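**Q** What follows is the residue order along each chain.
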Amino acid sequence: MIEKHATTEDLIDYLHGELPPEADAGILAHLEQCAQCTALYDDQARLSESLRSYARSSERDLPQGVVASIWDAIEREERAPSSLQRLAAFLRPAYALPIAAVLVLGAFFGYTATHRAAATTTIDAAIYLRDHASLNSTMPFGDGASEPATLRSDESASDQQWIASTGTSVVAQDQ
Amino acid sequence: MRKISSALALAALVTATAGATPQASPTALLRAAIAAPKHLSYTGEVQVLRFGTQRSEAAIYRIEHRAPDLTRRWYLAPQNLYGDSVISRGETTYSIDVKRDRVIVAQDDAIDDQVAEDDNFAVLASNYNAAFAPDEQYDGRPVRVVVLTNKYTGQTTMRLRIDAKTNLVLAKETYAANGALSTQVRFQQIRYAQQIPAGVFDVPKGMHVVQGPSRGLPSSDLQHVIAAAGFAAHGPKYLPEGFTPVEGDVVDIKGIRTLHLLYSDGIRTVSLFQNQGASDIGFESYHASSTKIENHEAKYVEDGATTLLAWSESGLHFTLVGELSLGELEKIASSVIP
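Here the protein sequences come in this chain order: Z and G.
Heads up, the first sequence is in my numbering, so the first residue is 95 and it goes up one at a time.
Heads up, the second sequence is in my numbering, so the first residue is 13 and it goes up one at a time.
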């Protein structure tokens with residue numbers, strides 16, 4: 095637990111979930127006991143919400159003239175010779191054969207490498223069962239798995255990277 | 013969500029001290045039971061038994077809970093968890109692995125989602141009849157017994173023993189689709205406490221800190237979640253009566269982008285996972301059996317009340333998991349890509 099008062103910077107980082115876990119826990123414990131820091135935290139929370147509201151209210155469509163000029167530029171680009179057309183002009187018969195040979199060899203080795211890298215990933219059925227149990231625990235009177243998956247002794251920390259919600263941190267490495 | 017107002021805390025303290033108001037209807041009592049841990053502090057021992065078809069699991073832990081959201085569970089059994097503990101501080105959970113000298117920190121924003129809690133209770137209330145059974149004594153305390161019966165199947169799905177004075181759930185039994193007991197949770201040696209020292213919930217210092225799973229707030233906007241999957245995803249056209257879409261998420265499982273949709277009737281749930289590409293499902297820890305979903309080979313596992321069914325179709329890999337019979341899961345599976 096943090097004995098001294100939290101700085102404004104700490105509280106802002108805490109508010110946005112950017113502190114490391116230990117520091118995050120320390121701030122949480124401190125806020126529970128410190129009215130002064132809680133007031134500062136509430137101020138920062140209100141300020142963040144105000145900024146978000148302002149940003150939302152400030153969203154505007156682009157003026158029609160700007161949209162039209164963007165479309166004009168796109169059409170002009172399409173009328174100009176494309177990269178493919180320029181490439182075709184470059185591939186005169188004198189160069190075409192050696193370049194084709196290089197491309198064929200490249201495609202062969204590329205295909206082999208890609209298929210070696212894209213080996214099938216096996217997802218254990220237990221992962222689906224535990225993920226289901228995890229969400230099930232949010233239902234009324236749901237209690238999830240009887241044993242916390244994070245403490246199962248047959249798994250290393252790196253095995254625990256099975257779940258990672260979009261937009262949230264996905265870390266499962268020993269620090 | 014991390015904070016609770018001082019007014020609410022004061023009201024909670026008064027309620028805990030004076031004892032809860034007796035609830036006239038079973039539904040009102042259920043609502044009060046869900047809210048009880050937010051204003052009650054207590055200690056005790058909890059036994060969890062989960063009866064499987066191929067194996068059963070049991071766990072026993074000491075629990076210390078300080079309202080509204082500090083909880084510590086000290087595991088006494090099974091043997092491989094003895095001495096370990098889990099500290100929950102709101103949405104953050106610290107799993108203390110003594111043998112490995114490490115703390116695994118996990119975040120789950122859904123834990124304290126009041127809106128979702130209200131919605132899920134509404135789903136439960138619309139699909140289940142709640143009725144009082146005769147009052148009982150449990151572990152020396154008077155309890156009210158509430159039985160939840162599915163409105164469509166008429167089957168008893170859950171039985172709760174709720175402390176008549178505090179509204180805390182002291183025992184719970186759930187039943188599988190065939191009527192067999194599937195889980196039993198029993199609270200023993202409960203002692204209500206005015207105050208549990210905050211130090212009980214402190215995370216030990218000096219241990220190796222490991223960042224564990226992190227889950228954001230799942231979305232109830234399933235169309236938005238499906239669009240975010242990054243592939244042409246499908247949802248079931250058939251669901252058992254009372255089931256409704258609850259939430260969804262796009263998760264990364266071993267590097268495979270996977271869409272997870274959850275459907276529920278308030279007690280029973282079914283998850284549909286789907287992904288594409290080079291992945292398959294392993295049944296190393298289970299005895300899997302074969303079946304067919306239309307013309308596609310499928311595998312299934314029955315693990316107590318929970319059934320898992322996996323198959324591949326149209327370049328996508330699907331896995332259904334739910335507290336439903338194999339027959340029901342097969343009907344859902346057949347409707348995903350009719």
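The hints are simulated quantities; they were obtained by calculation from the structure and are not laboratory data.
Computed from a prediction, not measured in an experiment: that's the story for all the values here.
Warning: the hint list may mix true and false statements.
Unchecked claim - Straight-line alpha carbon distances no greater than 30 angstroms define the calculated DSSO-like cross-link-like pairs of lysine-lysine that follow:
1. G:K217 x G:K163
2. Z:K98 x G:K217
3. G:K343 x G:K249
4. G:K304 x G:K111
5. G:K50 x Z:K98
6. G:K177 x G:K249
Unchecked claim - Footprint (simulated), chain G over chain Z, 3 or more residues, beta carbon under 8 angstroms:
7. 118 to 128
8. 222 to 231
Note that beta-carbon positions come from the ideal geometry of N, C-alpha and C, so glycine has one too.
**Q** The structure should be examined with respect to each hint, and the outcome stated for every one.
**A** Hint check:
no., hint, verdict
1, G:K217 x G:K163, "violated (51 angstroms)"
2, Z:K98 x G:K217, "holds (18 angstroms)"
3, G:K343 x G:K249, "holds (10 angstroms)"
4, G:K304 x G:K111, "violated (44 angstroms)"
5, G:K50 x Z:K98, "holds (29 angstroms)"
6, G:K177 x G:K249, "violated (45 angstroms)"
7, 118 to 128, "holds (count 7)"
8, 222 to 231, "holds (count 8)"
Taken one by one, the earlier hints fail for this structure at numbers 1, 4 and 6, listed in ascending order.
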